[in-house]
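From the two separate chains plus the hints, produce the assembled complex.
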Amino acid sequence: MFHVSKHWLAAMAWTIAMLVLAITHGPASAGSDHSNEKKMQPIEASGFTVTWAKSPAPAPGVNSAAVYLMLENGTEKDVQLVAVESDAFVMGHIHKTSMTDGLMSMAPVAQLTVPASKTVTLEPNGLHIMLMGPKHKFTAGDQFPLSLVLDNSHHIKAVVNVVKPGDVLLHGHADKMMN
Amino acid sequence: MLRSILFILLLGLSVGAKAQSVNGVILEEAVPVREFTLTTQSGSTFTKSQLKERWTLLFLGFTHCPDVCPFTLANLEAVRTELSQLVSPNKLPQVVFLAVDPDRDTELLQEYVKHFGISFTGITGQRAEIDKLVESIDGFYRLEKAGPDDEAYDVTHSAAVTVINPEGEITAKISPPFHPFNTANYLARHMRGLDVMN
Ligand SMILES: [Cu+2]
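Order-wise, the sequence lines are chains H and E. Residue 179, in our numbering, is where the first sequence stops; the numbers in between run on with no holes. Residue 198, in our numbering, is where the second sequence stops; the numbers in between run on with no holes.
Treat the hints with care, as some may be off.
[Unchecked claim] Lysine to aspartate or glutamate pairs mimicking EDC-like chemistry, simulated, CA-CA at most 20 angstroms apart: (1) Lys-164(H) / Glu-77(E); (2) Lys-173(E) / Asp-131(E); (3) Lys-135(H) / Asp-195(E); (4) Lys-137(H) / Glu-151(E); (5) Lys-114(E) / Glu-76(H); (6) Lys-48(E) / Glu-144(E); (7) Lys-137(H) / Glu-111(E); (8) Lys-91(E) / Glu-151(E); (9) Lys-164(H) / Glu-167(E); (10) Lys-96(H) / Glu-144(E); (11) Lys-52(E) / Asp-103(E).
[As the list claims (entries may be wrong)] From the derived model, a few chain E residues whose C-beta atoms are all more than 10 angstroms from chain H: (12) Leu-27; (13) Leu-73; (14) Glu-144; (15) Ala-159; (16) Arg-189.
[As the list claims (entries may be wrong)] Residues from chain E shown here face chain H by an in silico Cβ test under 7 angstroms; the list is partial: (17) Trp-55; (18) Val-68; (19) Ala-74; (20) Leu-108; (21) Glu-111; (22) Ala-146; (23) Gly-147; (24) Thr-156; (25) His-157.
Calculated from the structure, these hints are not laboratory results. Predicted model, so just to flag it, every value in this text is computed and none were measured. Beta carbons are placed, not taken as given, at the ideal position from N, Cα and C, and that holds for glycine.
Pulled out of the complex, with its shape left as it was, chain E reads as follows (with noise of 0.2 angstroms):
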C-alpha cells in the first residue's frame, strides 16, 4: 500500500519535477561550526566530533512542535530514503534535531525520537551551547512564553536545514518544501561537488 502510493507520488514528482525546485543555497565557502556541547536524547554528549566523518542534515526546533516539526523530520527522512538509491551508505547523512526549548524539550526528547520510530538523533543541553550552536549555523528561535506560567507556548525557529559536510563545516542550507524527491536529488550533487549554482 504504501508503496503504491510511494510510486503514484514519484510518478507524479518526475511529471512535475520542473516545477518542483529546491529552495536551496551553496555556500560559497564552507563555514566550520564553532565548538559546542550538547547532549543526545540517549544521553551521551554530542559535540562537534559527532558532526565529522559523515554528513549532517542539521534543523532546530522542539518537542511541543505540533505541525512544523514532526512534518520536516518525515520528510527528512523521505529525503534519506531516497538519497539510499543514489549514494553509497556511508554518504547518506545523518539527521539532527535541535531542541531549542530545553524546559520542556530535555525531559522528552528520548520518548520523542522514540515516537518517531526513524533515523534521527535529537539534542539539547544547556541554553548557552545551545546558543553557540544555532549562532553558528546562523540560526535563530524565539520563545513565544506570555507570561511565566504559560506552559503552552509556541516557538518561533528557523525553517531551514543545514547541510554540514564531513570536515564539520556548514555548505548549504535548504529552506522548505523539503520534497523528498527533488531534496535527494539536489543533495546526492551536492555531495558530489555537482551543484547547479543558485
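Just chain H, same shape as in the assembly (with noise of 0.2 angstroms):
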C-alpha cells in the first residue's frame, strides 16, 4: 500500500522552498545587507561573552527552534545585533514575544542593542533567537553552532545546547530570582 500523508507533502514543499531559499540566499542569516561581507571569513569579535545558550529540542514535525542565551557586552562600546546564522539552519532572525492586551505574539527585531558592559538576556516570553529550517533533527544533548552579527559585520561564535523542552525553566527563573 502507497500512502502520501497531507504532513509529508508539505513538508516536500516547505524543504524544496527552504533550499531555494538557502540557495538564493546563501546561509542562514537576517537582516540584510551583509550578503557581500559573508564570502569572505568572518572576523570574530572580541570582548563578547555569550553564556547560557541553550535551544529546547522541537517537537517532530516543528522546523522551528528558538535558542536563549545571554550575551555580555565587555567593550566599551554599545554594539547593535543585525543577524544571526547557523550552519545548522536555514535561517534565523531575532524575535521578540509580548504580551498586549493579554495576547502573546511573536514579531521580529530588526536589530537588538547590547550597550557597553552590559548583558542582554534572551530568555523565555521575552526575546529569543528564532532558527527556521534545520539540516538535520535535534535533540538534547546535540549542539550546534551560532553566530550573532554585529551591525560592523563582525560575528561572535557560540555553541548552542539542546536541551529537553522544559529545561530552560529553571536556569531562566533562577537567573532572574538571583538579580
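Given below as C-alpha cells:
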C-alpha cells in the first residue's frame, strides 16, 4: 500500500522552498546588507561572552527552534546585533514575544542594542533567536554553532546546547531570582 | 543536580516571594464551560465531562509555538510538582493544552505531547468546536498567515491559563509569569476557597 500523507507533502514543499531560499540567499541570516561580506571569512568580534546558550529540542514535525542565551558586551561601546546565522539551519531571526491586552504574539526585531559593559538576556516570553529549517534532526544533548552578527559585520561565535523542552525553565527563573 | 538547582530556586523564591506575586483574577461567580466535542492526542473524545470531577488548568496554544507554549507547559508541570506538596493527589489539577491550529496541530499532537514527557492532555478538533471552547473561556487566537502558502505562520493567542473547577465551571484566570512556587500556593488557596480577593 502506498500512502502519501498531507504532512509529508507539506514538509516536502517546505523543504524545497527552504532550499530555494538557501540557494538564493546563502547561509542562514537575518537582516540584510551583509550578503557580500559573507563570502569572506567573518572577523570574530572580541570582548563578548555568550553564556547559557540553549535551545529546547523542537517537537517532531516542528521546523523552528528557539535559542536562549546571555550576551555580555565587555567592550566600552554599544553594539547592535543585526543578524543571526547557523550552519545547522536555513535561516534565523531575532524575535520578541510580547503580551498586549492579554495576547501573546511574536515579532521580529531588526536590531538589538547590547549596551557597553552590559548583558542582554534572551529568555522565554521575552527575546529569543528563532532558527528556521533545521538541516538535520536535533535531540537533547546535541550542539550546533551559532553566529551573532554585529552592525560592523563582526561575528560572535557561540555553541548552542540542545536541551529537553522544559530545561530552560529553572535557569531562566533562577537567573531572574538571583538578580 | 536538578534537585539542588530546585532547592536554590526555592530558596531564592522564598526570599523574594513578596515581590513575585501571581497575576490572578478570581471570578466573582463561576462561569460554566459550554458543551464542546474535541479529540485528545491519543484520539479519544474530550468533552465537558472530561472537565468534571477534577480541577483543570487549561491554556491555548499551537504545536509550532516556539517560545511561549513550551515554556508555559514546563511551568505548569513545575506548578503541579509544587502543588503535589500542598494538596491531596485527587485535587492535583490536570493540565489541558488546547491546540487552536488544527491544520498543523492535529497530525503532530500525539508526538508533541510525547515529546515533552510530562503530564498534560493535548486537545484539538474541528475549528467550530475549538471556537466554542475558546469563546467559553473568553479566550482569543488569530492565525497570522501571510498567504495561503505560508507554512511558518505565528499564532497570536491568549496568554492566560483558565482554572476550571470539578463542576466544569471557570473560577479563575492566571496570567504569566507562572512562577511555579507562587502559582502553586495561589492555586492551593483557591482550591480550598481561601482566595485573597484582588
Ligand atoms: Cu520566534
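Each hint tested on the structure:
1. Lys-164(H) / Glu-77(E): Distance of about 14 angstroms is within 20 angstroms: holds.
2. Lys-173(E) / Asp-131(E): Status holds; Cα separation ~18 angstroms.
3. Lys-135(H) / Asp-195(E): The given pair, whose Cα atoms are some 50 angstroms apart, is violated under the 20 angstroms limit.
4. Lys-137(H) / Glu-151(E): With a Cα-Cα distance of about 19 angstroms, the restraint between Lys-137(H) and Glu-151(E) holds, given a limit of 20 angstroms.
5. Lys-114(E) / Glu-76(H): The hint is violated at about 47 angstroms.
6. Lys-48(E) / Glu-144(E): Roughly 29 angstroms separates the two Cα atoms, so the pair is violated.
7. Lys-137(H) / Glu-111(E): With Cα atoms ~14 angstroms apart, Lys-137(H) and Glu-111(E) stay inside 20 angstroms; holds.
8. Lys-91(E) / Glu-151(E): violated, 40 angstroms
9. Lys-164(H) / Glu-167(E): Given that 20 angstroms is the threshold and the Cα spacing comes to 35 angstroms, the pair is violated.
10. Lys-96(H) / Glu-144(E): Holds - the C-alpha atoms of Glu-144(E) and Lys-96(H) are around 15 angstroms apart, at most 20 angstroms.
11. Lys-52(E) / Asp-103(E): Cα-Cα ~28 angstroms, so violated.
12. Leu-27: The claim stands: Leu-27(E) keeps its Cβ more than 10 angstroms from every Cβ of chain H (closest is about 15 angstroms).
13. Leu-73: For Leu-73(E), whose nearest Cβ neighbour in chain H is about 7 angstroms away, the distance does not exceed 10 angstroms, so it is violated.
14. Glu-144: Violated, since 8 angstroms does not exceed 10 angstroms.
15. Ala-159: violated, 4 angstroms
16. Arg-189: Arg-189(E) is indeed farther than 10 angstroms from all Cβ atoms of chain H, at 21 angstroms.
17. Trp-55: violated, 21 angstroms
18. Val-68: holds, 5 angstroms
19. Ala-74: Nearest chain H Cβ about 3 angstroms off; hint holds.
20. Leu-108: holds, 4 angstroms
21. Glu-111: holds, 4 angstroms
22. Ala-146: At 13 angstroms from the nearest chain H Cβ, Ala-146(E) fails the 7 angstroms test, so the hint is violated.
23. Gly-147: Since the shortest Cβ distance to chain H is 12 angstroms, the answer is violated.
24. Thr-156: holds, 4 angstroms
25. His-157: holds, 6 angstroms
Violated hints, in rising order: 3, 5, 6, 8, 9, 11, 13, 14, 15, 17, 22 and 23; the structure is consistent with all others.
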